[in-house]
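> Here are the chains, one letter per residue:
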Amino acid sequence: MSIIFIAVNLAFALLIAPVIDGFERKIRARLQNRQGPPILQTWWDLIKLFKRPTIEPQDSVNSLYKLTPYMTFTAVLTAYLIIPTLLPSSINFIGDFIVVVYLLGLATLSFVIGAFSSGNPYAQIGSNREISLFMSEELLLAFIIGTIAVIGKSLSFEQLFPLPLRISSALTLILLFIVIYVASARLPFDIAEAEPEIIEGPLIEYSGKHLGLLEYSMFLKRLLLYSLLLNFILPVQNTTRLIGYLIGIIILSVVYSTFEAYYGRFRIDQAVKLMKKLSAIALVVWIIALVGW
Amino acid sequence: MLLIPVGILIIAALIGLSKAKIVLKIVSTLSAIASVAMIYVGILGFRTTLELKYNLFNSSSLFTSLNWLVFRVDSLSAFFLLILGTLSLCASIYGIKYMEKYFDKEDMRVYTFNYPIFLLTMYLVLICWDLLWFIIFWELMSLFSQFLVAFEQSEEKAVKAAFKYFCMTKAGAEFLVLAVVLIILKATNFNANYSEIATILPTYLSAHLGMLYALTFALLIGFGVKAAMVPFHSWLPDAHPEAPSNVSALLSGIMIKLPIYMLLRFFISFFPLRPEIGIVIAVFGVLTLFFSMMYALLQEDSKRLLAFSSIDNIGYILLPMGAGIYFLANGSQLLGSIALAAALFHTMNHALFKGLLFLTAGSVMYETGTRDLNYLGSLAKKMPATAFAALIGSLAIAGMPPLNGFVSKWMIYISTLSSPATSLFGIIAIFISAVTLGAFVKYFTAIFTKPAVKEIDAKEVPVLMSAPQLLLALLCIAFGIYPFIPLKMISQALGSIGVPLASLVVYPSLVVPKTGSYSPIVIFAFLLVSTLIALLLIPSRGSVMSTWKTGRSEDLNISMPADAYYRDFKEAFNEVYVLGDASKGFVQKVAKIGKMFGTKFEVLSYDLDSMLSLAMILIVVLVAVLGGVGL
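Chains A and B, in that order, are what the protein sequence lines are. Numbering that gives the first Met the number 0 puts the first residue of the first sequence at 0, with every later residue one more than the last. Numbering that gives the first Met the number 0 puts the first residue of the second sequence at 0, with every later residue one more than the last.
Treat the hints with caution; some may be incorrect.
Heads up, simulated DSS-like pairs for lysine-lysine below, C-alpha to C-alpha not over 25 angstroms straight-line [as the list claims (entries may be wrong)]:
id: 1; chain 1: B; residue 1: 104; chain 2: B; residue 2: 487
id: 2; chain 1: B; residue 1: 599; chain 2: B; residue 2: 548
id: 3; chain 1: A; residue 1: 65; chain 2: B; residue 2: 18
id: 4; chain 1: A; residue 1: 272; chain 2: B; residue 2: 569
id: 5; chain 1: A; residue 1: 65; chain 2: B; residue 2: 380
id: 6; chain 1: B; residue 1: 380; chain 2: B; residue 2: 100
id: 7; chain 1: B; residue 1: 163; chain 2: B; residue 2: 548
id: 8; chain 1: B; residue 1: 381; chain 2: B; residue 2: 487
id: 9; chain 1: B; residue 1: 588; chain 2: B; residue 2: 159
id: 10; chain 1: B; residue 1: 588; chain 2: B; residue 2: 599
id: 11; chain 1: B; residue 1: 548; chain 2: A; residue 2: 65
id: 12; chain 1: B; residue 1: 569; chain 2: A; residue 2: 276
id: 13; chain 1: B; residue 1: 156; chain 2: B; residue 2: 169
id: 14; chain 1: A; residue 1: 152; chain 2: B; residue 2: 513
id: 15; chain 1: B; residue 1: 100; chain 2: B; residue 2: 24
id: 16; chain 1: A; residue 1: 65; chain 2: B; residue 2: 169
id: 17; chain 1: B; residue 1: 159; chain 2: B; residue 2: 548
id: 18; chain 1: B; residue 1: 100; chain 2: B; residue 2: 381
id: 19; chain 1: B; residue 1: 104; chain 2: B; residue 2: 163
id: 20; chain 1: B; residue 1: 487; chain 2: B; residue 2: 159
id: 21; chain 1: B; residue 1: 569; chain 2: A; residue 2: 275
id: 22; chain 1: B; residue 1: 588; chain 2: B; residue 2: 156
id: 23; chain 1: B; residue 1: 487; chain 2: B; residue 2: 96
id: 24; chain 1: B; residue 1: 458; chain 2: B; residue 2: 487
Reference listing, derived: stretches of chain B covered by chain A, where coverage requires no fewer than 3 residues with Cβ under 8 angstroms from a Cβ of chain A [what the hints assert, rightly or not]:
id: 25; segment: 391-399
id: 26; segment: 430-440
id: 27; segment: 508-520
id: 28; segment: 528-539
id: 29; segment: 560-571
The set of hints was computed from the structure by calculation and includes no laboratory data. Virtual Cβ for every residue (Gly too), placed ideally from N, Cα, C.
Could you build all of it, start to finish, from the sequences and the hints given here?
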């Protein structure tokens, strides 16, 4: 039964993740007084990319360059075994919070290794920024994980979904909301890609199927993080969960894309410093959680 | 059985005294055979307890315990013996080819004599069952490893590093001697046998808390120096890079783990469990992992980066060890045993992947003659096997699932994060794990994928060098996907020092009830299958084109040197480095003052009268210390 649930969740994620991006593109366009593409446009883009042949740059380390987009994609996909999306899942022997965080780390790592092995200097600059941002973002995330573990006295999602109603859990979820925004590489935090400066950075040499896979995994990662946040709030094993989940996804998309539409890009040092400041706040939240509020 | 490796290694060392070129091959082969014997002893040690007793002197001297030379292998020493055997097997085989490039430059006898002796002393430290003999073997181990560090005698840096290493470990060992003498004189009535100490000491120390703290202080300094615990770490980043790479692999992989072995013996089976001692160890662990990794991020020398990361991993071992002691003392058996198991598991993992990484750094040196990360680049195409091994090592040390590094890190987080007292330690450990990822992305990409400054001439290393690397890489993968074998050994090893480990294994997962779960098999299988499906559905086939150069015909001529990595991150976290440098300056000042006193003392020592009176005062102080602490 629960294996079927996981399969449904996976299929849902694979189908819907690009649709959500299409939806967000539409919202951004409307906010900027544009007509915007149809909601399914991201799907059509992906399908087009998957039909195209791939190109291997001369200076690249071929095997790594070709394999890493697949690794990035599957690492994100594996996290869906653990975090339920549409249907609540009762299997929790596969992994816990730590495993999810490290699977996302694996996705980032293989993405970066692939970019480094393309042999293009712009990709190096971009990957370098990606890792700098990843490290500082992980500091904030570490505090969030610590706080959640203190509140729930566990790291297993079975115990953590949903979090008990406390001041500290509300504050932590706000911080998690920010980390998710940063981790999903949107303006003003798309410093690693930064089209106008370093021409898509790590993605610069990728084309066709590889590019499609990498973009697809980014959409999947966003949906995964949305689901993580929503699961902390929504009640488990309830019919309202389904409706709440769908509404939650829409609300998050609207809020995130509104932010994205109105911001310019940070410099990398500004972003890292911001993460550091937020981590100081997270430390305070952690203390609040320790006190027991 | 216990003496077979001893015999082989002594023969090897004697052969090593000769100058002939063939000696290197013979000594390396003999060491490899001895390593296999050590692995066999380790496996036997898990089945039964091996014991050997010799009555050396038939006198009734003061130290009766020196009369008896007792060797004994229980599950804990067997666990470390397996690590030692595996790693020294790889390092010995690797050395056959690797050391050849020193033939014309250095006196090979320094290596061929000291290498087997070094292995022998480590083996003896692990199997001896008597504190006095332990001190003797321990000092010998420091001595002979120091000769290996100073192998390149023509290089001033190597000799200096060896001297620093020797001074610091020697000073640390004095604290151990003091501690051991205190234990033997005050508590155990001239008895130094481990089994008897384990029965007498805990009750004695529970009644004499002052002595417990004094001993803890001495042991933490003594073993801390050897294990390169911050703030006693400064010898390691100098000494480990200077040694030949296979020796560095042994130094980092197993030698700095022997203090961990002894700390476990002392703090778990000899001392009463006290929560405050556990917290102190954990705090030192956190300091160690935090500062060393932040500094590893700055390094531009491949082996120096690895050396800093070795210190970091000592932190990752000390942290769960301290947390484990804390939990056990507070009565939470489950978390305590998991934390201690994490410490042991990480010890093994670090030996595997750090040994592997040092060997890859050695292979790169063998081919290119340099450790400079700024200069190196794009070697992956020329050395594919080494690059693969280095990639696996980097992934494992960054703790990526489904490799072995993740399992032990997962156990560390699970045990520390969910309880308030240790939560902050776990948080810092997660952050530093991400920094480790950054440092090893730098290590891997700077050597193997970034465009080189100029074309480097290199080819794949010979089979004798790549095979040990691949073996270690294979072990990293195997123990990551199937961690149940090492966990079984660890639970037995912990059982032998009196800590029962609840079975975590709920096939196919590791489950800590109500706290966390991780299923390496499922995750690995899903990663593999879905990658294969993706490769089938969206096959990657295409043509080779030239790299994009913004439309220009000539090369862009921009490449990022290693010192430019993560510059913004370093600037943002500048406070850490300011703090680190300030404490470094402080230590240097202390060393300078010490040197000044040393010079004064030397001048003084020409004057016999004042010398004698000073010696007398010192003896009085020593007697007062020895006699007074227990009161």
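> Would you mind marking each hint as holding or not holding in the structure?
Do the hints match the structure? See the list:
1. A hinted pair counts as satisfied when its Cα atoms are at most 25 angstroms apart, and residue 104(B) with residue 487(B) does not qualify at roughly 47 angstroms.
2. Only pairs whose Cα atoms come within 25 angstroms are accepted, and residue 599(B) paired with residue 548(B) is rejected, the gap being roughly 65 angstroms.
3. Of the supplied pair hints, the one linking residue 65(A) and residue 18(B) is violated, its CA atoms being roughly 50 angstroms apart against a limit of 25 angstroms.
4. Proximity of residue 272(A) to residue 569(B) is assessed by CA-CA distance (about 11 angstroms); at most 25 angstroms being required, the pair is judged to hold.
5. A distance of roughly 14 angstroms separates the Cα atoms of residue 65(A) and residue 380(B); the hinted pair therefore holds under the 25 angstroms criterion.
6. Straight-line distance between C-alpha atoms of residue 380(B) and residue 100(B) comes to about 23 angstroms, which keeps the hinted pair within the 25 angstroms bound.
7. The hinted pair formed by residue 163(B) and residue 548(B) fails the criterion: a straight-line CA distance of about 49 angstroms is larger than 25 angstroms.
8. A C-alpha spacing of about 40 angstroms is found between residue 381(B) and residue 487(B), which places the hinted pair above 25 angstroms, so the restraint is violated.
9. At most 25 angstroms may separate the alpha-carbon atoms for a hinted pair to count; residue 588(B) and residue 159(B) meet this at roughly 19 angstroms.
10. Under the criterion of a C-alpha separation no larger than 25 angstroms, the hint pairing residue 588(B) with residue 599(B) is consistent with the structure, at around 17 angstroms.
11. At most 25 angstroms may separate the alpha-carbon atoms for a hinted pair to count; residue 548(B) and residue 65(A) meet this at roughly 20 angstroms.
12. For a cut-off of 25 angstroms, the pair hint linking residue 569(B) to residue 276(A) stands: about 15 angstroms separates their Cα positions.
13. For the suggested pair residue 156(B) and residue 169(B), the alpha carbons sit about 20 angstroms apart, so the restraint of at most 25 angstroms is met.
14. Taking the CA atoms of residue 152(A) and residue 513(B), the gap is about 9 angstroms. The hint holds against a cut of 25 angstroms.
15. Note on residue 100(B) and residue 24(B): the hinted pairing holds, with a Cα-Cα distance of about 13 angstroms set against a maximum of 25 angstroms.
16. Taken as a hint, the residue 65(A) and residue 169(B) pair is broken in the structure, with Cα atoms around 52 angstroms apart against an allowance of 25 angstroms.
17. Pair hint residue 159(B) plus residue 548(B) does not hold up; C-alpha atoms about 46 angstroms apart against a cutoff of 25 angstroms.
18. Only pairs whose Cα atoms come within 25 angstroms are accepted, and residue 100(B) paired with residue 381(B) is accepted, the gap being roughly 20 angstroms.
19. Of the supplied pair hints, the one linking residue 104(B) and residue 163(B) holds, its CA atoms being roughly 23 angstroms apart against a limit of 25 angstroms.
20. With a C-alpha separation of about 43 angstroms, the suggested pair residue 487(B) and residue 159(B) falls outside the 25 angstroms cut-off, and the hint is violated.
21. Taking the CA atoms of residue 569(B) and residue 275(A), the gap is about 12 angstroms. The hint holds against a cut of 25 angstroms.
22. For the hint pairing residue 588(B) with residue 156(B), the CA-to-CA distance comes to about 21 angstroms; that is within 25 angstroms, so the pair holds.
23. Annotation: proposed proximity of residue 487(B) to residue 96(B) is violated, straight-line Cα distance about 36 angstroms (limit 25 angstroms).
24. A C-alpha spacing of about 41 angstroms is found between residue 458(B) and residue 487(B), which places the hinted pair above 25 angstroms, so the restraint is violated.
25. For the segment 391-399 of chain B, the assignment as covered by chain A holds, since 4 residues bring a beta-carbon within under 8 angstroms of that chain's beta-carbons and 3 suffice.
26. With 7 residues carrying a beta carbon less than 8 angstroms from a beta carbon of chain A, the segment 430-440 of chain B meets the three-residue requirement, and the given coverage holds.
27. Against chain A, the segment 508-520 of chain B contributes 8 residues with a C-beta closer than 8 angstroms to a partner C-beta. That satisfies the three-residue criterion, and the hint holds.
28. Note: the segment 528-539 of chain B has 7 residues with beta-carbon separation from chain A under 8 angstroms; the three-residue rule is met and the coverage holds.
29. Under a criterion of three residues with beta carbons nearer than 8 angstroms to beta carbons of chain A, the stated coverage of the segment 560-571 of chain B is upheld, 7 such residues being counted.
When held up to the earlier numbered hints, the structure conflicts with 1, 2, 3, 7, 8, 16, 17, 20, 23, 24 and fits the remainder.
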